[in-house]
Every structure is written in C-alpha cells, then in structure tokens.
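Protein sequence lines correspond, in order, to chains A and B.
So the first sequence is numbered by my numbering: it starts at 28 and just counts up by one.
So the second sequence is numbered by my numbering: it starts at 28 and just counts up by one.
It cannot be assumed that every hint is accurate.
Since the list gives no way to pick one copy over another, a pair counts as held whenever it fits inside one copy or between any two copies.
Calculated cross-link-like contacts (lysine-lysine; reagent style BS3-like; alpha-carbon spacing at most 25 Å) [claimed, not checked]:
1) LYS289 / LYS41
2) LYS372 / LYS43
3) LYS184 / LYS219
4) LYS250 / LYS203
5) LYS209 / LYS184
6) LYS306 / LYS372
7) LYS41 / LYS372
8) LYS184 / LYS203
9) LYS289 / LYS400
10) LYS43 / LYS289
11) LYS209 / LYS158
12) LYS203 / LYS158
13) LYS319 / LYS184
14) LYS209 / LYS240
15) LYS43 / LYS286
16) LYS184 / LYS250
17) LYS209 / LYS219
18) LYS435 / LYS352
19) LYS250 / LYS291
20) LYS203 / LYS219
Hints listed in this document are in silico derivations from the structure and should not be mistaken for laboratory results.
There are 2 protein chains.
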Amino acid sequence: MGITSMSAQAAPLKLKPLTTGKKRSVVILGAGISGLTSAYELSRAGYDVTVLEASHRAGGRNFTARHGDFIDEFGNPQICKFDDKPYLYMNCGPARIPAVHTGLMHYCRELGVELMLFSNDNVNCYTQDDKAFDGRPIRIREYRADIRGYMSELLEKTMASSAHLDAPFDEVDLDKMVQFVKDYGDLGSDLKYHGSERAGLVSGGFVSEPVIKDPLRFADLMKSSYWAGALNFAEGLDQAPAMLTPVGGMDHVVKGFLKHVKDKISLKAQVQKVWLEDKGVEVSYLHDGVNKKIKADYCINCIPTHIMAGIENNFPTEYAEVLGKIQRGKLFKIGFQAKERFWEKEGIYNGITWTSQDINQIWYPEHSPMRPKGIFLGAYTWDPAVGERFAQMSNQQRMNEAIRQGSKIHPDYAKYVETGITVCWERMNNMMGCSSQWPEDIRDKFALLQAPAGNRHYMVGDQISHHSGWQEGAIRSAWHALEDIEQKEGMLSAREAS
Amino acid sequence: MGITSMSAQAAPLKLKPLTTGKKRSVVILGAGISGLTSAYELSRAGYDVTVLEASHRAGGRNFTARHGDFIDEFGNPQICKFDDKPYLYMNCGPARIPAVHTGLMHYCRELGVELMLFSNDNVNCYTQDDKAFDGRPIRIREYRADIRGYMSELLEKTMASSAHLDAPFDEVDLDKMVQFVKDYGDLGSDLKYHGSERAGLVSGGFVSEPVIKDPLRFADLMKSSYWAGALNFAEGLDQAPAMLTPVGGMDHVVKGFLKHVKDKISLKAQVQKVWLEDKGVEVSYLHDGVNKKIKADYCINCIPTHIMAGIENNFPTEYAEVLGKIQRGKLFKIGFQAKERFWEKEGIYNGITWTSQDINQIWYPEHSPMRPKGIFLGAYTWDPAVGERFAQMSNQQRMNEAIRQGSKIHPDYAKYVETGITVCWERMNNMMGCSSQWPEDIRDKFALLQAPAGNRHYMVGDQISHHSGWQEGAIRSAWHALEDIEQKEGMLSAREAS
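Could you put the whole structure together from the sequences, leaning on the hints where they help?
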C-alpha cells in the first residue's frame, strides 16, 4: 500500500482538506469507534459522509450501561435497572485507556473527554484459587510480597552456590547483586525471607510496634494459579500504569464524536449487500423497514468480519474467504448494583480480584468512593469455554452463578446485590462476538484484508489491527485506511489538474 | 497504660459522651491533624475544648498552597502566585492516603472529603542517574521490564545448575518453578531474556507488526541507583496501591474538621508555658500581642517536641530530656506552575520520575489531565543533607537549581515554568522541621512520651507514633490519648458515683 507504518508514538492523523469544490463521498458501515473516527476525520476534511449503523445506538462495543439502557442480546433482552445516578454505570466493553494509546488519548483531548486515573493494580484485592490455601482468598499484597521474597531468597542462594556466573551477569560485582536481590525481596540480614511489612501487618504499626505477618508457605503460593498470568498482568504494555478512563463512563468518547457527526449517522440501518463498482461502492440496506441504496466513492466497512462474510458481496474470492475465517472472542461480563459498597469495608477502593473460578475477576469501581451504592463487576472472563458456559444460562442463572462463586471471596456478597446485567458479547445483536482472533493459518492474509478491495472498499476496525479488542486498534486501522484515501485523492487531483 | 494496642485494622474511635451535666475541659496545643482529631472527637463527646494554634492557619503540615496563599518560611516569606484556578494547587505536606490508613479514611468518609485515585507508580515516567546510560533518562517501563527479565534469566540459570534446592524450594516441581520464572521475566523459549513488549515498542503494534526494543545492558541497569529503593518503593505497606487523595487538595481533610471545630480554635496563639498542676494543666500564651492563660482538666500537646523542649514547663526531668532529643526530618519540595503540561506530550499523566540528583523526584499531577496549565513538583527530597543544601539558598536559587537538574530529564523544561514556590519544612515558621526522628539511644523512651505526664498532659501527634510523617500516625496518636482520657473519666465518674 505504500503507506509508512505508524509507530507506537505516531503523531495523530491530520487529513488534508479536499480541494475546494471537489466532491467525494464515503459510506461508513458501522458507528463503532473506527466508524466514528472515520466519520469525524473525513467530515472535517470535506468529504460527504454517511454512516449506516445496524443497532439502535452508536458506539459498538464501547457501551456504558446506565439506568434504563437496553442490552440487546439475542433471546435475552434486558433493561438496565441500576438506580438513576451518574455514578451508577457499567462499562460493558472497554473500560480502560493505557496512556500509551496515543490515538485515543489524542481524541479525548480533542473531543474534551475528561479523564481520570484507572488502575489494574490494587494489592488490597484478593486472589482466590480452590487449589491453594483451602480455597481461602489471600490479599494480593501478601501473595506478591511473599513470592517476591522467596524468589529473591532462592536467587541469592543459587547465585552464591554457583561457581561462576556467565555473561552478562559476570560483569557486575556479586556483592552489589546480592544487595539488589536483598532489597528486591526484602530479605533479612541472613539473606532469607522471613516475611515483610510489604505483606501487611498483623497488628500495631501506629501506637505500638508493628507486627508483621508470617509468610505464606512457598509451596502453597505455587499451588495457586495466580502466578501464571495475573501476577504479571499489570506489567503488560497495555495494562501497566498510567491507565486512564473517562469520568462518568467510557461512552463519553462516543459522545465526544457524536457532538460532531451525529447528523451523519442512520441508526437501525442494516446492510444487506456491499457491491464494488468501477468508480465506487454501492451499499444496499434496510432502514426502518424500507429498502434503500447508497452509492459512494469509498466504503469504510467496520462490520464484524464474520458477519460481513454472510452479507451479499462481490469481493475478490480470497478476500471474501479470509473474512469468513476470522474468529471472535467470547468476552463475558456481569455488572451488579450493590446497595452498600461492601468492598470498602474490606479496604478496597478499586482494582481487580482474581479467582480460578469461571467468573475470573471481580472489579471494584475506580470512581466515586464512599457513595452509598456502587456498580461492581461480578464476572469478567475472556476464556471462550467459560463465555460459552455463561452464554447457555438464563440471565438469572448467570447472576446466581456469579454470586455463588463470588461468595468464596466475599462471603456475604449476596445480601448486597440489588440488581444486575449480564453482557455476553457473542450473543449481542449486530456484534455476535468480541475481539477478532486470526487463526494461525490465515495470519499471512492480514495485509490482504488491510489493503482495499477493488481500490475503494476498506475493511476497518480493531479487527484489522494488531490490537484487536482495543479502541486504539480501531482508531489506527481507520487512520490507515484514511491515509490511503488521502493519498489516492492527492494522486487523483494531480491527474485531474494535468 | 493498660490500653489495648490498636491493630492496623482497628475500628475507628468512638468516645463515650460525657455523663450529662459533667464538665471537663481540654486545651489542645496545635491545630494540625492530631489537634483537629482531638478537638473533633472531644467536642462531640461533650468536652469543653480550646485549641491554641501558633500559626495563621489550621492544618499544620497538611498544607495545600493555592493562589495568594502565604508560605511562612523564616527569612523567606512567599506568596503563592499560581493562577487562581481550582486545579492549580500544591500539596506541600502530605499528598497521598494509602487505603490501609483506616483512621484517615474513616474521617474522609465521616467528614465528606471526596477522594480520587492516586498512584506512585507510572511506568511512563523516567529514572535518571548520572552514573548510568550517560545520564540519559530511561523510562521506568524499560528499566523495570529489563531488570525483571535479567533477574529471571539468572534465577533460571542458577536453579538449573544447582545440584539440589533446599527447603522450602524442594517441595515444588522444578518444571513449574521454571515456568513461573519464565512468566515472571517474560523470557524467550530458550529461557533467556531477549527483551519484552513490557518495555515498550520501537514501532508498530497497531497496523504493523510490533517491534520490541533491544534490552538495556544488565551492567548499565545495575549502575543506576534506581534499583536501590525506588524500584521497590511502590511495594511498601504505605505506598502500594490503592493510594488515594482528596479531590482538589489534601487540605480538604482540614476543611472537613473545621466545619465542626473552627470556632474552638484561636489562631496566632503562641504557647509560652505549659504547667502541670494537681488537677489539670495551665497554659500561658501570647495571642494577638496579649498575654493570656488558660486552665484545663487535660492538655493535648501537639507542639513539635523539639519546639516544646524550649518552652517553659515543669515536666518530669526525663520526659523533658527526651523531648529535646527527638530530631526532625528536613523534607523539601518545590512546586512549579507550567504554562503547558509538557509531561503529557511525553505520555505522562501522573506519577513520579526518580533521579539521583538532589531534586530526587519530579511529580506530575494525578488530577486534571489535559487542562491548559498544571502544577508539578520540581523537587521532593527527604535526604537531610540535601534539604540543608536547598535551605541555604534563596528562593530563586532553589528554583533555578531545580530547573537545571530537571532539564536532564525534560530538556526544554525551563521554558514552561511560569512561577513556583519552595517549601523547606525545617525553616517553616512554627514547624521547624518535618517528621520526628527518634535517635537509637532514646527509642526505649517511646512509651514514656506516649504516657501522660502528670496524669493530665499528653504529647500527641505523628511524632509520638510509629508512623511519623503520616497523618494516620497523628490520628492514631490522638486516639491513643483520647482513649486514656475516656478511661480516666470512666474511672473518675465511677469514683464520684460511689
């Protein structure tokens, strides 16, 4: 495609405005983040934009549920019964923005989306595994301090008994390395781990001497699955601090775009045919019961690939085949309204509890501490087998199951729950799944789908990015297509002028 | 003293109200957090309370500087010239509340202090050491991922070459431990560290394949002083997440107390004599140029011990001697107003940059991202030698020096700075120092100072706690004294009734 690939630190897209008087039209299929980005940028650059959105609302998976909102699941439609308060909401899709997602951060700034800190990491939360500590929840503080201590003790011990350390470790003075390891694990003067204040106190620390906890047993720590993934989760590129989130809900990003492009969007407009033509694209769709057609110079197609594969089209054979092979994630979340913020009684004011049970995570809200009520996530799993299990339950069964599992962590959990919603992305209307997953055997076709079909039709979205499931992937994919259109328009206008 | 020592998870103090009709008076010396706590609790319980505060304001070291505020340093009085906006402030003293400080959290709830997340930990910030990487700043993200990788590689290597692992490590299957270490450090399939996405990307990751950075050299990482302290800072009991802070400034805690006890406080009332008597305490003080005296049944004395040691008193000899031996910290901070939030251009939205230079830390505000201006800390050091060096400079010299040092991290730093204030706690009027420091040879006198002198006079404050420098220490010390008073009053009234 001849477009310079954008680095992680890329400057935001700046489309050159169309030459005065020039008319170019673009039809955008889907008003999720990639569609909204495209509509916003193209409108500003003078393109004539139409957005067709199949659902009753814009935003796609960027969906914040509040009092009265409709959760459009096949066979399980729900109306959100959270109380009508600005701090009682659930981010059903994306809920956090890593500061390194500079495209989305750029739009938050440009669209006036107010941000606040979010954190994945709260050591006051718990880890719970049925196979360790008799299933008792353990504070992450304790787990982390102790495993760090043991690891450091072991490292010092094996280092000391090694005859010779190879490169690159032989470059550094051994005493210095021992000091490093001692600090890292908070080892005693005997270089053994005897527990640490980091793990929390049994008593004292203020008006009497602090008494530290006995460390947990190493073998027990290793029995827990917490070390495999969760322990290192917040070290990840997209999960490490600083993380941010919009004040009042993630859909403030959507609202920011809508301030500029709302009038370009037709809701409840279901695409039925996408036809590549010599000088453009024709799209047929059903809008409020009426069959309609639109022709445009370009088409930005944000329809989930597996849905698009079943819509009539005349795409090149291989392109169409790949569309049909991309899989989708089965992310599942439950949001509960609690009549009291019971987690705060346990010293928890945000963050994530991890469990080996199907619910996988409990999230405590990062905002509005000490309010009388709160919305927390009672389940957040992306394991497809688990998503499938929850998908096959009724709404009430899902909630009962989450409460049953969560009670291993918060024993009196049930008595606080007033109402809840379940969000099963694989069954959400017009979505039928979460992030795209490219099977190994079609990975080499990424560039094929990233390139335009018939020179005028672009598949776009986080689904056509290396950051599927992230809004930043959607934005960058849109930018990629828009830059290609701009380049073409530059070439075309040069040709017209000659 | 017969009081049960309070554990870290202690329930908040609940004083029993005085028996109806009973009159008891308490004079409280100092309106910092311990004095305010005492005044609030005693008033509620029906005691007749008078608070004498030497300074022009309540709060003590809990001091948030805004437009027009007076920074009362000996010989260097300053008026804060920050613009008059609610998001332009500097917490000159405490700036963060660990969720485990349940006493302070209790008061935030009770006094309606709105809280938000704070975090010490932002891997987008820098570490800079003149002795490593030619003095170049390194993103913490990179430092942390790489040192973790190397440490894991070394652990795996030495583990594999050890003939036998002793207890407790021999209880766990070696393959499992290898997998743990591989995950921990993000090692390659060859169990060596070749860099990690955790450290950040050179390019790609969105519309093209991610390209990870080459790891930094192990020997260079170890040359940096970052591993000694700073790397493990946010693992500490009082620094680990969740951390919180009041929306709009730490002094909202003070304002919360003042809603209830403002009318009990005499400002600019300087204590000149504290005299223990048979049935109470007499305090002489200078108030607006007039010598005054007050007698009370009890005295809660929050005056810094080293200042109190120079005020006329009739304390028991050893008690008075110990007072004079407690040292004070020399914490030093600079707050700058930047005309643009230059840190955000570097992807930083909160957190701490660490440097080996005197300024020690640069803090970026955790609140109000994307506003046009911002207040950041250009220096935050608690090294007494450094505090002393800054103390001996004029205000302008301090700021120039901070800008010079900070420019090694943010090269164009100077051009953004509009105005600043410097806060040198050892020279702040009525304070003359920061947290108390008990020399080794008087540690065993802690209980002596914690107990009342003459049965009626209590030294109180974070200075008489195992958490000096923390508001929680102040609160718990106050509670400790108040419980003793309550116990006495219970005994007295029993005696009176008999």
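Tested hints:
1. LYS289 / LYS41: Within one copy only: 21 Å inside, 56 Å across.
2. LYS372 / LYS43: between (55 Å within a copy, 23 Å between copies)
3. LYS184 / LYS219: Intra 9 Å, inter 20 Å, cutoff 25 Å: intra and inter.
4. LYS250 / LYS203: Between. Shortest inter-copy distance 10 Å satisfies the 25 Å Cα cut-off; intra-copy 32 Å does not.
5. LYS209 / LYS184: both (11 Å within a copy, 19 Å between copies)
6. LYS306 / LYS372: neither (64 Å within a copy, 42 Å between copies)
7. LYS41 / LYS372: Between. Shortest inter-copy distance 17 Å satisfies the 25 Å Cα cut-off; intra-copy 49 Å does not.
8. LYS184 / LYS203: both (15 Å within a copy, 19 Å between copies)
9. LYS289 / LYS400: Neither, since 33 Å and 31 Å both go past 25 Å.
10. LYS43 / LYS289: within (22 Å within a copy, 61 Å between copies)
11. LYS209 / LYS158: between (30 Å within a copy, 22 Å between copies)
12. LYS203 / LYS158: Between copies only: 15 Å across chains, 38 Å inside a chain, cut-off 25 Å.
13. LYS319 / LYS184: neither (74 Å within a copy, 67 Å between copies)
14. LYS209 / LYS240: within (19 Å within a copy, 28 Å between copies)
15. LYS43 / LYS286: within (22 Å within a copy, 57 Å between copies)
16. LYS184 / LYS250: This pair counts as both: shortest intra-copy Cα distance 22 Å, inter-copy 23 Å.
17. LYS209 / LYS219: Close inside one copy (9 Å) and across copies (22 Å); limit 25 Å.
18. LYS435 / LYS352: neither (40 Å within a copy, 51 Å between copies)
19. LYS250 / LYS291: neither (55 Å within a copy, 58 Å between copies)
20. LYS203 / LYS219: Both. Shortest intra-copy (17 Å) and inter-copy (22 Å) distances satisfy the 25 Å Cα cut-off.
Hints 6, 9, 13, 18, 19, counting from the list given before, are not met by this structure.
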